[in-house]
Every structure is written in structure tokens, then in C-alpha cells.
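Asker: Residues per chain, in single letters:
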Amino acid sequence: MSESTRIAAWRWGIIFAVVAVAESAVRLGWISSFFLAAPTRAAVVLWEQIVHGNALWLTAITLLEIAACLAISTVVGVFAGFLLWRYKLIGGSYEMFLAALFSSPVILAYPIFLVTFGRTSAAVIALSSIFGLIPIMINTKGAFQNVNPILLQVGASMNLTRKQLFRHILVPAVAPTIFSGFRLALTYILKSVLGLEYVAQVGGVGMWLSDAAFMFKVEEVYAGLLGTITLSILFLYLINRSEVLVRK
Amino acid sequence: MNNSRKSRTLIAAQLQTPLGVQALTLLLIIAVWELIGRTGILFAELFPPLIEIMRSLWTYVTTPLILPHLKASLYEVGGALGLAALFGIPLGILWGSRTSWLEIVEPLILYAAVVPKIVIFPVFILFLGIDVHSKLAVGAIAAFFPISLLTIAGMREVKQVYVDVARTAGAGAYQIATRVYLPAIAGQVFTGIRIGMGAAVTGALLAETKVAKAGLGFMIVEYYGQFRIADMYSLLLFIFILAALANWAMKALFARLSPSARASQDAGMYF
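Sequences listed follow chains A and B, in order.
Those letters in the first sequence? Residues 1 to 248, by the working numbering.
Those letters in the second sequence? Residues 1 to 271, by the working numbering.
Hints may contain errors.
What the hints assert, rightly or not - Listed next, the stretches of chain B that the computed footprint assigns to chain A, with coverage defined by at least 3 CB atoms under 8 Å from CB atoms of chain A: (1) 102–115; (2) 124–130; (3) 200–206; (4) 209–222; (5) 235–242.
Stated by the list, open to error - Computed cross-link-like contacts, DSBU-like style, restricted to lysine-lysine with a CA-CA straight-line distance of at most 30 Å: (6) A:Lys217 to B:Lys213; (7) A:Lys88 to B:Lys159; (8) B:Lys6 to A:Lys88; (9) B:Lys71 to B:Lys213; (10) B:Lys251 to B:Lys6; (11) B:Lys159 to B:Lys251; (12) A:Lys88 to A:Lys163.
Keep in mind the hints are simulated off the structure, nothing from the lab.
In this text, all values refer to a predicted model and were calculated from it rather than measured experimentally.
All C-beta atoms, glycine included, are put in the ideal place defined by N, C-alpha and C.
Required output: the full structure, derived from the provided sequences and hints.
Answerer: Here's what the structure looks like:
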């Protein structure tokens with residue numbers, strides 16, 4: 001058995017052990033099924049919701065919200081980040097402010113967004129876009145700032161026009177760092193969208209979880225949780241894979 | 001004439017500094033805010049006069065109105081941070097102490113860290129009820145990941161050569177732990193605790209906005225329900241100031257305790 005197979009086996013073993021303990025605890029009556037649903041039962045409920053219920057539709061809503069946030073954050077963030085780099089005084093003045101905003105619990109301001117946009121997906125998108133915007137802006141500014149000047153000098157010595165310098169030297173040089181910001185943004189957007197859907201009870205998967213909890217449908221709560229965790233893990237996996245591809 | 005030109009040049013020069021731009025931006029925001037609020041051209045109810053917000057903020061600072069809620073939130077955040085550190089640091093040390101364990105466990109922690117912790121809140125409500133403890137648990141689980149991951153990062157930074165040198169010099173297990181490992185990981189652990197505090201604040205207060213009997217998050221939603229927008233803004237401002245002060249105090253304390261403390265750049269994505 002190769003080293004990587006052994007590690008993977010251990011990893012799956014840990015997951016299986018945790019699931020088995022939870023399953024046994026419920027089936028043997030150690031924990032009441034009022035508090036904890038058996039993992040197999042939660043999986044069955046999730047499957048039923050996918051096939052007969054509206055889990056797919058809710059997932060589509062969540063994915064649409066994430067896509068909208070990402071589009072807004074990327075377009076505005078890259079442009080604003082470029083401006084922050086281009087105009088040094090503005091960049092120097094606002095970078096600290098952006099970092100402070102990012103580390104403060106801005107998500108608690110969600111009622112303001114509910115008042116502005118109503119209890120709709122627009123409120124979730126507007127607030128979650130802020131979480132995507134800031135890392136993209138900061139990373140874009142940093143990416144342009146850290147371009148090796150020798151690359152630009154080489155371009156200039158080859159008589160490249162400003163447009164060619166931008167297209168053939170600046171863009172390839174800044175792409176990996178901007179992508180790191182993009183990855184960071186996507187992670188924050190995912191967490192914010194799912195969290196806000198749950199708290200504000202709007203949108204997709206998060207709302208489903210909230211509704212199930214409100215009605216004390218324990219099996220559905222765990223099914224929703226399973227769906228949310230699966231979605232988060234799938235997202236991180238895809239982000240990591242796409243980063244590997246970009247860096248290649 | 002000459003003097004006034006000089007002072008104008010001086011003001012212009014001062015405005016062209018980051019501090020000048022920041023001050024100018026603040027003034028502009030205040031002016032736009034008041035303009036929108038007073039003319040009512042756009043969501044007038046969302047832009048109450050700033051004086052009203054400041055008056056409300058002053059009430060929080062000078063009267064005991066907020067005290068029971070502040071106490072509930074501080075209990076949740078403090079308890080959450082304590083619990084997260086209690087489990088996060090030893091587990092981080094344990095996982096980080098062997099490469100083989102780290103290879104098995106790290107991806108699991110990284111994937112679990114991305115899941116928004118607030119969605120686990122209904123499970124905590126089932127087990128712990130709607131009192132402070134369910135909020136404390138959300139905060140604790142939110143803070144656990146930055147603390148354990150940064151402890152692992154600290155352990156990873158300890159070079160084997162340091163341990164070998166200490167061993168060659170005759171150091172025992174205790175001395176290696178306190179003289180080699182502890183100073184090497186302290187900076188990362190402190191950073192983890194600081195980031196963990198932010199995560200705990202967000203987790204606990206966000207949970208309070210969902211279901212609670214007391215707490216600052218609970219107050220936000222109460223004001224939102226009663227459409228007391230100025231009070232809601234001032235409370236948010238109060239929370240932001242409090243969080244910033246706590247963050248600054250922790251940074252200053254840890255800088256004194258560990259001269260090598262530094263922020264981790266990439267770990268932020270998981271919290």
C-alpha cells in the first residue's frame with residue numbers, strides 16, 4: 001500500500017468512525033432521536049428532498065446568489081484594486097480602512113440590508129458581495145504593486161505600447177495573486193451567503209435549514225446540515241483544483 | 001496676503017497625505033449622509049440624523065441600559081474563546097507534532113473550517129437550549145479553527161535542527177518543550193487567539209440575532225423589529241468600536257509577551 005493510499009484510508013477511517021459512533025448512539029438509544037438524527041436517516045431525508053422535494057431548487061438559488069456575489073466582487077474589486085494601485089495616495093489612505101472593515105463583524109449589519117432590499121436574495125447578495133470585494137481589491141492592489149519592474153523595463157526596451165505592456169506583461173504577472181484573492185473571496189462569499197440565508201431566513205439551502213429548525217424537524221435539520229457541509233466541501237475542493245490548474 | 005497663501009499651501013499639502021484623504025472621506029460621508037437623511041431623496045428612514053445616532057451611543061456608554069446584554073455577550077464570547085483555546089491549542093500541538101498525523105488530519109480540519117459555523121446553531125439549540133450556552137458553543141467552534149490551524153502552523157515552523165541542537169546540548173523533554181517549542185509557536189498561537197476572538201464575536205452575536213433572550217445581537221434584532229434605526233446603527237457602532245478595542249488590546253498584549261508575534265496571511269480564508 002502506497003503512503004498516499006494509507007493516509008487516505010486513515011482519513012476515511014476517521015470519518016467512518018465518527019459516523020458510526022453517531023449512528024450507534026441513536027440506534028442504541030444513548031442519545032434521543034429528538035436531539036440527533038442517525039446519519040443514515042439524515043442521508044435518506046436529504047436524498048428524498050433532492051428527488052421529491054425542492055432541495056435542488058434551493059441549491060440552485062444558493063449557487064445563483066454565490067455567482068452574483070462573485071461577479072459583483074470580481075468586476076468591482078479588480079477595477080477598484082487597480083485604481084488603488086494606480087493612485088498611490090488613495091490606495092495608501094484606504095487600504096487600512098478596508099482591512100479594518102474586513103476584520104470587523106460587518107455581517108451583524110444584515111438588518112440594514114434587509115431594510116434596504118427587503119427580505120430577498122438581493123439583501124444576501126449585497127452584503128455577501130462586500131466580503132468578496134475586499135480580498136479581491138486588496139489582492140489586486142498588492143498584485144500590481146509587486147510586479148517585478150524588470151519585466152516592465154524589458155517590455156519598454158522592446159518598444160511595447162502601453163496597451164501591449166498591460167496585456168502581455170502586467171496581466172500575466174498579476175493573475176496568480178488576483179486568483180488568490182478570488183479564492184479567498186469565494187470562500188468568504190460561500191460562508192456569508194449560507195450564514196445569511198440561515199439567519200435572515202431567505203434564499204436557498206440556509207433558509208431550508210432555518211425552516212426545518214423552526215418547525216423542529218430534527219431529521220430535516222441534519223439533512224440540511226449535511227447538504228450545507230457537502231456544498232461547502234465541494235466548493236473548497238473545486239477552488240483548490242482550479243487554483244492548481246491556474247498555477248500550471 | 002503672503003501668509004494666507006502659505007497657510008493654503010500648507011492645508012493643501014496636508015490634504016495630500018493618507019490622513020488628509022481619510023479625514024476628507026469621513027467629512028464627505030457625513031455630508032452625504034446628512035444630505036440624504038434631511039432631503040429624503042433616498043431611503044430617508046435609513047439615514048437618521050447623525051446627532052441622533054451619537055445621542056443613542058452616548059446613552060449606551062453612560063447608562064446601565066446595555067449592561068445585562070453586554071454581560072451576556074461578554075460571557076458568550078469569553079467562554080467561547082476560553083473553550084476554543086483549551087481544545088484548539090493542545091490539539092494543534094498534538095496534530096502538528098507528527099507529520100504523519102498532520103497529513104491525515106489537516107485536510108479534514110481545513111474542509112471543516114470552511115463550513116459556516118452558524119448553520120450548526122440549530123444542533124446546539126437542540127442540545128443546549130436557547131440560553132447563552134448554545135451561542136457560546138457557536139462562538140467556540142468558530143474560534144477553534146483559527147486557533148488550532150495557527151497552532152499547527154506554529155508547530156510546522158519549528159525546525160528539527162533546533163530540537164536536535166537542544167538535545168545535543170543535553171536538554172530534557174521539558175526543556176525542549178519550554179525553550180524550543182513554546183517560543184517558536186507563541187507568535188502563531190497568539191495570532192490564532194486574536195483571529196479566534198473575532199470569529200467568536202461574529203459567531204456568538206450572529207447566533208444571538210437568530211434566537212436569544214439577551215445579548216448585543218439580540219438587541220440589534222429587537223431594534224430592527226421596532227424600526228429604531230438610529231438605535232440599531234449606534235449599537236452596531238458600539239459593537240465595532242468594542243471589537244476594534246479588544247483586537248487592539250490583544251495585539252498590544254501579545255506584542256509585549258512575544259516580540260516575534262506576527263500575522264499569518266493565508267490562514268484568514270478559513271475563518
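Asker: If a hint holds in the structure, say so; if it does not, say that too.
Answerer: We went through each hint and held it up to the structure:
Look at the segment 102–115 of chain B against chain A: 9 of its residues bring a Cβ nearer than 8 Å to a Cβ of that chain, three or more, so the hint holds. Coverage of the segment 124–130 of chain B by chain A holds. Counting CB-CB distances below 8 Å, 3 residues qualify, and the rule asks for three or more. Taking a C-beta to C-beta cut-off of 8 Å, the segment 200–206 of chain B contributes 4 residues in contact with chain A, enough for the three needed, and the coverage statement holds. A count of 5 residues in the segment 209–222 of chain B with a Cβ less than 8 Å from any Cβ of chain A is obtained; the coverage claim is therefore met, three being the minimum.
Check on the segment 235–242 of chain B: 3 of its residues sit with their Cβ under 8 Å from a Cβ of chain A, so the three-residue criterion for coverage holds. Note on Lys217 of chain A and Lys213 of chain B: the hinted pairing holds, with a Cα-Cα distance of about 22 Å set against a maximum of 30 Å. Pair hint Lys88 of chain A plus Lys159 of chain B does not hold up; C-alpha atoms about 39 Å apart against a cutoff of 30 Å. Between Lys6 of chain B and Lys88 of chain A, the direct Cα distance comes to roughly 25 Å. Compliance with the 30 Å bound is thereby established for this hinted pair.
Our distance criterion of 30 Å between C-alpha atoms is met by Lys71 of chain B and Lys213 of chain B, whose separation comes to about 12 Å. Only pairs whose Cα atoms come within 30 Å are accepted, and Lys251 of chain B paired with Lys6 of chain B is rejected, the gap being roughly 41 Å. Taking the CA atoms of Lys159 of chain B and Lys251 of chain B, the gap is about 26 Å. The hint holds against a cut of 30 Å. Pair hint Lys88 of chain A plus Lys163 of chain A holds up; C-alpha atoms about 21 Å apart against a cutoff of 30 Å.
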